[in-house]
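Residue numbers (this note's numbering), protein chains in the order written: chain A, 91 to 446; chain B, 91 to 446.
No lab work stands behind these hints, which were simulated from the structure alone.
Quantities reported herein were computed from a predicted structural model and do not represent experimental measurements.
Careful: at least some of the hints might be erroneous.
Cross-link-like lysine-lysine pairs, in silico, DSBU-like; alpha carbons within 30 Å at most [said to hold, decoys possible]:
id : chain 1 : residue 1 : chain 2 : residue 2
1  : A       : Lys293    : B       : Lys400
2  : B       : Lys278    : B       : Lys159
3  : A       : Lys192    : B       : Lys192
4  : A       : Lys278    : A       : Lys159
5  : B       : Lys400    : A       : Lys274
6  : B       : Lys257    : B       : Lys274
7  : B       : Lys389    : A       : Lys389
8  : B       : Lys159    : A       : Lys192
9  : B       : Lys274    : A       : Lys400
10 : B       : Lys418    : B       : Lys274
11 : A       : Lys278    : B       : Lys99
12 : B       : Lys192    : B       : Lys147
13 : B       : Lys274    : A       : Lys401
14 : B       : Lys389    : A       : Lys401
15 : A       : Lys257    : A       : Lys278
16 : A       : Lys278    : B       : Lys400
17 : A       : Lys274    : B       : Lys385
18 : B       : Lys257    : B       : Lys389
19 : A       : Lys159    : B       : Lys192
20 : B       : Lys401    : A       : Lys159
21 : A       : Lys389    : B       : Lys293
22 : A       : Lys293    : B       : Lys401
23 : B       : Lys385    : A       : Lys159
24 : A       : Lys418    : A       : Lys257
25 : B       : Lys99     : B       : Lys418
26 : B       : Lys278    : A       : Lys401
27 : A       : Lys159    : B       : Lys257
28 : A       : Lys293    : B       : Lys389
29 : A       : Lys257    : B       : Lys418
30 : A       : Lys385    : B       : Lys159
31 : A       : Lys192    : A       : Lys257
32 : B       : Lys278    : A       : Lys400
33 : B       : Lys293    : A       : Lys400
Letter by letter, the chains look like this.
2 protein chains.
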Amino acid sequence: MRYNHQEVKDFTANIFVAMGCPANDADVIADVLIAAELRGIPSHGLMRVNDYYQMAKSGRINTSPVISKEHETPSTATVNGDNSFGPITAKKSMEIAIEKAKVAGTGWVATNNSNHYGIAGYYSMMALEHDMIGVSLTNANPLVSPTDSISRMLGTNPVAVAIPAQKYPPFVADFATAPVARGKLALKSRAGQSVPFGLVQDKVGSPSNNPGVLEQGGAILTLGGDIEHGGHKGYCMSALVDIFSSVLSGANFGPFVPPQVAYLPLLNESVGKGLGHFFGAIRVDAFRPVSEFKKSMDKWIETFQGALAKKERTVLIPGEPEREYEKKFIKEGIPIVPSVYNDICNISSELGVPSL
Amino acid sequence: MRYNHQEVKDFTANIFVAMGCPANDADVIADVLIAAELRGIPSHGLMRVNDYYQMAKSGRINTSPVISKEHETPSTATVNGDNSFGPITAKKSMEIAIEKAKVAGTGWVATNNSNHYGIAGYYSMMALEHDMIGVSLTNANPLVSPTDSISRMLGTNPVAVAIPAQKYPPFVADFATAPVARGKLALKSRAGQSVPFGLVQDKVGSPSNNPGVLEQGGAILTLGGDIEHGGHKGYCMSALVDIFSSVLSGANFGPFVPPQVAYLPLLNESVGKGLGHFFGAIRVDAFRPVSEFKKSMDKWIETFQGALAKKERTVLIPGEPEREYEKKFIKEGIPIVPSVYNDICNISSELGVPSL
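Chain A with its partners taken away, still in its complex shape:
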């Protein structure tokens, strides 16, 4: 079934108000989750409402947070999210980065004491209307093994960067630094399908094509896979996202990142405050006049659109597929699968929120 995105957003916001969030905060969370649905990333959309709800219900989220700056310089700030739902703290952090950039040319915010923040791209895209490049990184629960290891040490640690253009829509890269998402593996596993070698390993570190390997002590490999395929470069990328999100902010890193689902117990050891993010805002006119930059970016996009495609393929500019989904789903409504629909209906009736 398909549902009007505005109605789903209002419904979702009402759920978060009923959980105890101020109306503004509830709107932000709903906007971030529905943005994921619209952009064709349902793994970060309504599917998360139940996780967020169970986390709040078990007292693992502060629904009335006081978000604060712990430290700042002209181009930086460290933000403490007061254990809020991630989207609230993340949006506030990105706003601070943008304000810093207005004065200093660039703004960089390291955020601690936060939680799962939805799609990374949401925050990077906030910079676009200010003629800025936006950057958004976060760490996440450990599922990925470093090169030559069998321990799960890193999350799928996404990188999102949004870059404005003039004639063309912006370049929006929003990608995990691991080759495959947990959700995709779960879907393949349920369907009884295998995955290509080079994405996961079993518990002793042997190559595997079994998508159910995570439930059996296995791990996701870094981008690239084994060392012969450059997997150590993927390890570096993922480690950098982790360090910027956590060591710089004072949040938990690597295997210490707190689980973002209520059915997994909190860890005994903590090495920082909550989960961490890192944000950047870069005024393009801190380097070149905006018009020159955008003209050059248009030319970049045209050049890459002009690349020769393999037979029956298309060379894409990052952000294009998500934009196509958005157009379609705004017009036709968001598709919600029955299991997610049932979950959110149960939550709304439990909380006394009018049903969708």
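Following the hints, position chain B against chain A.
For chain B alone, coordinates are given in the frame of chain A:
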């Protein structure tokens, strides 16, 4: 044969003085090239002396550059390298980033009109003695095809990030965003060996294990390889390095990056000035007190050193292998292969420089 690194450095500097470089500039170039040798990356070391020499000889390098700031804000600058040898402009750009960071918390420099700058890590490591994180990116000649394309559009576009710790040596990631370097393919090809699938494709975009494919119209794949292995994420990474190095600075991007060897003709079309880099310096105390940050970074390193290794493997912290080479080569001398030795001897005799 092995040669004392200090003697080789002096010899190399003399070669660049004989090419017309001021003594200080020659020292910088020699230091960057020898740093590559010491760190076990000979592809970016003395092997480049001949390329640099031929470029200068054919008038494609300005040996008396006046490097200038084109634009600046409190945390940023755009630097024009005046078509210098890359290392001179790159070092100067990183120094500016560090000075900006001292005042604004972070400093970011986009550099145009430069050339091949050696190892990316050299510049990122300059930040360490200031208790800063250093960032260094550059674009490079196109050898890599975007996902689903058969055109060569991107360089191996490296990312280098150096992060200080206290008890342990710094974390130094310095990696190409492509899965394999051209030099490594050339070695395999000469040895008549194949490479694993997932690194290169032939001229119609079919999977290949032939390391000689670049000479036959083929291309290097992005990190991850095909889309099923997350290669589109590697494409995003590489594209970001290109855009930051070129669109932000006003340099040439993608397929327009000028060849960094004299035997390839200059391109007819230019979309900017020379080759581009991007540098960052981040004061760690712009986010947290230095002692807290370093303690946390030590814990990060210990945690990842403690990851369980696969049988007969070791889990490495980025920067460790290069540090081992450096220790060994400082003590035992730098190994120089006969072909490179002959090249530099020929150049020195051509220029009237005392031989090594």
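Quiz prompt | 30 Å limit on alpha-carbon distance, applied to hinted pair Lys274 of chain B and Lys401 of chain A | solution = holds, 29 Å
Quiz prompt | Pairwise hint evaluation, Lys257 of chain A against Lys192 of chain A, where the allowed Cα distance is 30 Å at most | solution = Since the Cα atoms of Lys192 of chain A and Lys257 of chain A sit roughly 24 Å apart, the hinted pair holds (cutoff 30 Å).
Self-check item: Agreement of Lys293 of chain A and Lys389 of chain B with the hint, judged by alpha carbon distance not exceeding 30 Å
Solution: holds, 25 Å
Quiz item: Are Lys257 of chain B and Lys389 of chain B close enough, with their CA atoms no more than 30 Å apart?
Solution: holds, 10 Å
Self-check item: Restraint status (C-alpha distance of Lys385 of chain A to Lys159 of chain B at most 30 Å)
Solution: holds, 22 Å
Quiz item: Between Lys278 of chain A and Lys99 of chain B, does the CA-CA distance stay at or below 30 Å?
Solution: violated, 56 Å
Quiz item: Within 30 Å, alpha carbon to alpha carbon, are Lys278 of chain B and Lys159 of chain B?
Solution: violated, 43 Å
Exercise. Take the C-alpha atoms of Lys278 of chain A and Lys159 of chain A, compute the straight-line distance between them, and say whether it is at most 30 Å.
Key: violated, 43 Å
Quiz item: Given the hint that Lys274 of chain A pairs with Lys385 of chain B, does the C-alpha gap stay at or below 30 Å?
Solution: violated, 37 Å
Exercise. Assess, step by step, whether the Cα of Lys192 of chain A is no farther than 30 Å from the Cα of Lys192 of chain B, and give holds or violated.
Key: holds, 19 Å
Exercise. Sort out whether Lys257 of chain A lies within 30 Å of Lys418 of chain A, counting only the CA atoms.
Key: holds, 21 Å
Self-check item: 30 Å limit on alpha-carbon distance, applied to hinted pair Lys389 of chain B and Lys389 of chain A
Solution: violated, 45 Å
The structure fails to meet hints 2, 4, 6, 7, 11, 12, 14, 15, 17, 20 and 29 from the earlier list, while all remaining hints are met.
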